[in-house]
Amino acid sequence: MLKSVCRWVLPPLALLMALLVYRFAVGSAMAPTIQTLRETPWQITPPHDEPLVATDQELHQMLAKMVPSTNPVNSNNFVHGLRLWGVQAKFEQASLANSEELRAYFLNDREFQRWNGPQTPPIFQRTADGGLRARFFDDTLHHRFSSSFHTDDLLATFGETGTPLNTPIKLRQGEGSVRELAEFALRDFNLSRHEFEWTIISYARYIFPQKRWKNRWGETITVDDLVDLCVDQPSGVGPCNGLHRLEALVVLYRADEQAHVLSTKSRTKLLQHLANVSGLLIAAQTDAGFWTRNWPQGEAGRIDEKATVYDQLLVTGHQLEWLALAPVEVQPPRENIVRAARWTLKTILEISPQELQTHYGPFTHAARALCLWRGQEAGEVWMKHQAISPPVEAQNARPRIQEAPESGT
Amino acid sequence: MTYDTTLVETLEHKSEREALPACLTRDNLSPEYFPACTRSQLALVVTLCLVFGWICFHKLNHTDLWGHLNFGRWMATHGALPAMDPFAAEPGEQAIVHSAWLSQLLGYETIATLGLEGLVLGHALLATLGVGILIAAIRQRGVPLAWAIAGGVAYYLLSLPIVGTIRPQLFGMVGAPLVLLACSYLPEKRHPLIWLPITFALWANLHGSFVMGLVMLGVCCVGVTWRIFGETGGLKPTAFDVRCVRMWAALGLSVVASSFNPQGPALLTNVLSFGHHSALADISEWRALSVASLSGGLFYTSLAVLLVMFKISPKRWEMRDLLLAIVFGLATITAMRMLAWWAVIWPWVFVPYLAAYWQARFGTNETPAPATTMRTLQATGFVFMTILISPATNNLLLNQPRGIGTIGGSDTPIYVADEIARRKLSGAFFAPMDWSDYLVWEQPAGFRPLAYSHVHLLGDDIWQDHQQIAGGSGEWLALADKHKLKYLVISMDRNKQLAQQVSRYSRQPKSRATVLYQDRKAVLVQLKSQVTPTASVSEASQ
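Protein chains in written order, with our numbering: chain A, 1 to 409; chain B, 1001 to 1542.
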């Protein structure tokens, strides 16, 4: 009887013991999704200084038109203003928002309410699982202009302005941090998204060189996936003519110059893509120097009868911006850059204040590009000349809450 | 430990060898307290482990899984069975046939307790159990274990299109081999008269395929009766033959046991009429078998091989086997879905003939190798490695569940479902039929599909309208208004024309459609209710 029982019991018992040993040896704790977070984002400094792009005086004149107006108040304009001006710039007029005010608009809900009114929902909200996300343009049909216009654009701007991860965010109830925003952004990311550019920029600034993570659906995302996502999309398709993807690739590449973890395959693919784009830009550049939305067509893209000045400045400004940070080996000849930059400068100086205000967000990319090509950020240029330049006249005296719809980016 | 074999080898007389104590004649490593395994038994363990492990790598196909889990959740929450469709935006008048309530409830309790990995584990266990029981059933027909294992493998490969998908029918894929096991024992043994009715009592609550089990059993009864008639030569001796009585008693008890379900004996007729709903004509597995398909290829190849083996095997063919082949062969030709049952009966019928043919043609008189403890250790080690390698068991052991993005089928609409749940949307919606189940699972509070996987509960007109919308009909907006749809969840891959129509319409100045969410796989559109009833046709066509 005992032998019979033992013959039935011993093998399963041995199996169970082995499994228990395995369980306690390997451990049960789940590896955290985001294991290494840089406290401060990577610094991506402009490597070029091309004096033919614009003189210091011309830059200042151009920037004087790009000061962040608060009339109307609009989150998209404020985030672009913060991105352009960084955290240094100060303006004399009360109707203009200083860099600190622009940042406080996002980091302090009280300031946000001061600009938008107490009835406006907060720009950052807690999710059901305790994460922190930005209120998005499509979340509701109301209060759209106080929301974030693109997925993770606020986080990307924090990264671009050197905001550390432990920076607190004062919410309407309680407190959060930029770190929570970053963690949610990565957990919420998936490869089926339409908008991923700003998430990749945020990842490159804050999370890289961590090469992989798991999103909240259990899928593993790798940096190679991100490169493939940017490169494999058709050129010209996406927000701002798909040009933020190029910016994302450049930021990732420049971060990798410091971290050195990108695989050879991804690095080569990335550089090859940027070089291909440059080839198209050379062929597609108009005689005046600007590019149109049809630039992916190469020479055939020179003609775009439907292109407005807005389209031309949007495309040219974005192109110059990513090129300003890109390595030399993937850039078009300097002559093409200078021609585009001179056209951009002239257009900004000549454009009407109304049109500038209507398309403030997209046009800040052009302004920033010109500064980057002079090896500086806009805030630096501005503050250098602040002492000798007269204060800029304001458009309107009082801020008001946005009512009329604006064409988005 | 070794021992000196010199003494044993020098003995000449058998009686002297037999007088030696066992510790001198047994193999080196077989203690009495640890079981020994033959080579075939080790092969059996390895085979079952491979089946289990392979199934664990399958994804949770969303074909109707989430629909069943929705029902399970409803039952667990309400503590009752739903009388009518509780999910559809416009429930049909048809009462629900509760043939799978127990599997739906078990499925829900599994996911509630063990998560998604629990579902995968359950899937693997059921599939492995089915293979194991069928092997036992074939073995019971007097076939060497090695051949029975081969039959089990053949069953698994034939039924892979069905067994590879998690669904309540998997319980039927355990029940059917149990029926064949009972038929292997009957009519000589009596014990199936006890456990077979219990099997049917459970099966009738787990899945409507218990009818297939009754058909199998009935065909076997006819076949055995024919055989006994051939032996006795008269009707009366046949009728009173104890073997005949056992067979028909098993069938009678099983039919009675099948009545132990919420609908009682009426379940039988309800299940039989299930396949006649017009919506099922649009579901591929309910269509006739196509020769050009994988399922068709598997079926016709296996049929041809069976016919050849009937002819050339020295084993005399039995009426029972022939009838099973005819009945289930014809059934499979009429509906692809029946391949699952053909896959069960085919090895049980085929392998004894093959084994007899093989023995006659190539048989040897070699003595099989003795059972050893080492093989038991190897088997245990194999089971251990299988548990470690199989994702479901390893992740449950380490408490590291994979997410739905990894376990779910690639077409499961996880992102758009997440967005719907985040926004807490409620109201009637259109979505591809198989997506609706998952969307309701993620957002159960008031998010009601026009159509979901339980199409047999829908009115014919609703199903037709759903198909028209899905196909991108020019009348899509009018149909949406007709059914008061608030949302459209459009697949970019499968509803291309609809996506284009809606996209064009949403950009019109007075459009009632707003895109709430979009990714590369899906678009979520909100429709405002129309102002005037006649507005919708002209609106969409502009």
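Since the hints were derived computationally from the structure, they do not count as laboratory data. Note that beta-carbon positions come from the ideal geometry of N, C-alpha and C, so glycine has one too. Treat the hints with care, as some may be off.
Here are some of the chain A residues that sit facing chain B, going by a computed Cβ distance under 10 Å [unchecked claim]: (1) 10; (2) 52; (3) 55; (4) 57; (5) 119; (6) 130; (7) 171; (8) 209; (9) 211; (10) 215; (11) 219.
Comparing the hints with the structure gives:
Look at residue 10 of chain A: its Cβ gets to within about 6 Å of chain B, closer than 10 Å, so that hint holds up. The beta carbon of residue 52 of chain A is not positioned within 10 Å of any beta carbon in chain B (closest approach about 42 Å), and the interface hint is therefore violated. The beta carbon of residue 55 of chain A is not positioned within 10 Å of any beta carbon in chain B (closest approach about 44 Å), and the interface hint is therefore violated. This hint is violated: residue 57 of chain A has a C-beta 45 Å from the nearest C-beta of chain B, more than the 10 Å allowed.
For the restraint placing residue 119 of chain A at the interface with chain B, the shortest Cβ-Cβ distance is roughly 20 Å, beyond the 10 Å limit, so the hint is violated. For the restraint placing residue 130 of chain A at the interface with chain B, the shortest Cβ-Cβ distance is roughly 14 Å, beyond the 10 Å limit, so the hint is violated. Interface hint at residue 171 of chain A: violated, since its Cβ lies 18 Å from the closest Cβ of chain B, which is beyond the 10 Å cut-off. Violation of the interface hint for residue 209 of chain A is found here, the shortest Cβ-Cβ separation to chain B being roughly 24 Å, above the 10 Å cut-off.
Taking 10 Å as the C-beta cut-off, the interface hint given for residue 211 of chain A is violated, the closest approach to chain B being about 18 Å. Contact between residue 215 of chain A and chain B, as hinted, is supported at the beta carbon level, the nearest pair being about 7 Å apart and thus within 10 Å. The interface hint given for residue 219 of chain A holds, since its Cβ lies 4 Å from the closest Cβ of chain B, which is under the 10 Å cut-off.
In summary, the structure is inconsistent with hints 2, 3, 4, 5, 6, 7, 8, 9 from the numbered list given earlier, while agreeing with the others.
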